[in-house]
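Protein chains: 2
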Amino acid sequence: MAIHTFKAESVLKSGLSVENKSGKFTIIADEPPSMRGTHTGMNPVEMLLCALGACLCITARFFARSQQIDLQDFRVELEGDLDPAGFIKGTQGVHPGFQQIRTTIYIKAKAPEEKINQFVEFVKKRCPVGDTLLQGVPIVENFVVQCIGIDKEPA
Amino acid sequence: MAIHTFKAESVLKSGLSVENKSGKFTIIADEPPSMRGTHTGMNPVEMLLCALGACLCITARFFARSQQIDLQDFRVELEGDLDPAGFIKGTQGVHPGFQQIRTTIYIKAKAPEEKINQFVEFVKKRCPVGDTLLQGVPIVENFVVQCIGIDKEPA
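Residue numbers (the working numbering), protein chains in the order written: chain A, 74 to 228; chain B, 74 to 228.
Next up, chain A with everything else stripped away, as it sits in the complex (with noise of 0.2 angstroms):
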C-alpha cells in the first residue's frame, strides 16, 4: 500500500486561541485565564489526549467484527501529566511534554471476557495515534520569517 499523507494547517488568531484546519473540519485551542488564554476551546495537551482517545475508539469499531466481537459500547478515559515547569520556566533536565499518560478503556460486548481481553490488546497494538506517541516520530521543521519594520525604525 502507498504511503499516505495527512494534513492540517494552525493559525494563531488574537491572545492564544489558534484555528486548526483539516480538509473542511476546524477545532478551535486556546488556554485557560490562569494561562493568560480566553477559553474558547481546549488546550493543545488535552488535543493530544483526545487524538489518542477517537483513535482507540476507531481502531476498536474498525476491527470488532472481523475479530468477532460484537461491540456494544467503547468508551476511554485518559490523563496525561506534566511538570508545567519545563514549559513555563525551561527548567534545566524537565521536559515540556507529557511524562505519563494513563488510559483506562471501558468496553461492553457480546463476547466471552477472554476474547474480549484479547481484542484490547489488538485494539492498543493496532492504534496509530497511540503507535506514534509510544514510539516517538522525527519532526522535520522548516521555517519562513517575514522580518518587517525593523531596519525602518528611526535611530
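Some hints here could point you the wrong way.
Since copy identity is lost for identical chains, a pair holds within one copy or between any two.
Subject to a maximum C-alpha distance of 20 angstroms in a straight line, what follows is the list of computed SDA-like cross-link-like pairs (lysine to any residue) [what the hints assert, rightly or not]:
#  : residue 1 : residue 2
1  : Lys86     : Ala137
2  : Lys80     : Lys97
3  : Lys188    : Val217
4  : Lys94     : Thr113
5  : Lys197    : Thr99
6  : Lys86     : Arg138
7  : Lys188    : Phe135
8  : Lys97     : Asn215
9  : Lys197    : Val218
10 : Lys198    : Phe216
11 : Lys183    : Gln140
12 : Lys197    : Val84
13 : Lys197    : Gly209
14 : Lys80     : Asp156
15 : Lys94     : His77
16 : Lys198    : Gly209
17 : Lys183    : Gln172
18 : Lys162    : Arg138
19 : Lys97     : Leu144
In short, the hints are calculated from the structure, not lab data.
Knowing the structure of chain A, use the given hints to seat chain B on it.
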C-alpha cells in the same frame, strides 16, 4: 512546580464517529467514507497534527514578549506520513503510526532576522506536544470489561 494532570474522555458513537471531551469542550473525530466513516469530523491522526500546530502557535505567543519579539503573524502547515498497511493489514515490520511529521512555520515579526530565527528554535524546543512526539511517552493502559449475553445464548 507541582505536576499537573490533564484529562479527556472519548466515547464511541454511531459508526466511526467519536465524541471527545476535555473540560467544557467537545471535538468530534470520524473517518471519511473511504475508511467506512461518515465524515463528521477530522480523523485522529489529523487531530494529532492539529495538536502539534496549536502547541507551536501558543508557545510562540506565550513567549514572544519575554523574548523581545513583536509577533505579527504565526502559522504552521503540517504533514504526517503513514503507511496504511500497518493499520489496515497489520503488516509485520510496518508501524501503524506516523513515520515522519513535517512542519513549516510561517512567522512575521518586527525583530532582526537572526533574533527571529533564534526565537523559532526556542519555540520548537519548548513546545509540550512537540517534545512529547519527539521523545515518545509511556502509556499505562487499564481496561474494564463488561461481557454480556454470550453465556445465555441457546446452544
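Outcome of the hint check:
1. Lys86 x Ala137: Answer is between; shortest inter-copy Cα gap is 14 angstroms, intra-copy 41 angstroms.
2. Lys80 x Lys97: Result: close within a single copy only, 11 angstroms intra versus 27 angstroms inter.
3. Lys188 x Val217: between (52 angstroms within a copy, 13 angstroms between copies)
4. Lys94 x Thr113: The answer is both: 16 angstroms in one copy and 14 angstroms across copies each meet 20 angstroms.
5. Lys197 x Thr99: Answer is neither: 27 angstroms inside a copy and 23 angstroms across each miss the 20 angstroms cutoff.
6. Lys86 x Arg138: between (43 angstroms within a copy, 16 angstroms between copies)
7. Lys188 x Phe135: Answer is within; shortest intra-copy Cα gap is 16 angstroms, inter-copy 48 angstroms.
8. Lys97 x Asn215: neither (25 angstroms within a copy, 34 angstroms between copies)
9. Lys197 x Val218: between (40 angstroms within a copy, 15 angstroms between copies)
10. Lys198 x Phe216: For Lys198 and Phe216, only the inter-copy Cα distance (14 angstroms) is at most 20 angstroms; the intra-copy one is 34 angstroms.
11. Lys183 x Gln140: Result: close within a single copy only, 12 angstroms intra versus 57 angstroms inter.
12. Lys197 x Val84: between (32 angstroms within a copy, 16 angstroms between copies)
13. Lys197 x Gly209: both (16 angstroms within a copy, 16 angstroms between copies)
14. Lys80 x Asp156: The answer is between: 14 angstroms across copies meets 20 angstroms, while 30 angstroms in one copy does not.
15. Lys94 x His77: Intra 18 angstroms, inter 28 angstroms, cutoff 20 angstroms: intra-copy only.
16. Lys198 x Gly209: both (15 angstroms within a copy, 15 angstroms between copies)
17. Lys183 x Gln172: Answer is neither: 36 angstroms inside a copy and 35 angstroms across each miss the 20 angstroms cutoff.
18. Lys162 x Arg138: between (49 angstroms within a copy, 15 angstroms between copies)
19. Lys97 x Leu144: The answer is neither: 30 angstroms in one copy and 28 angstroms across copies each exceed 20 angstroms.
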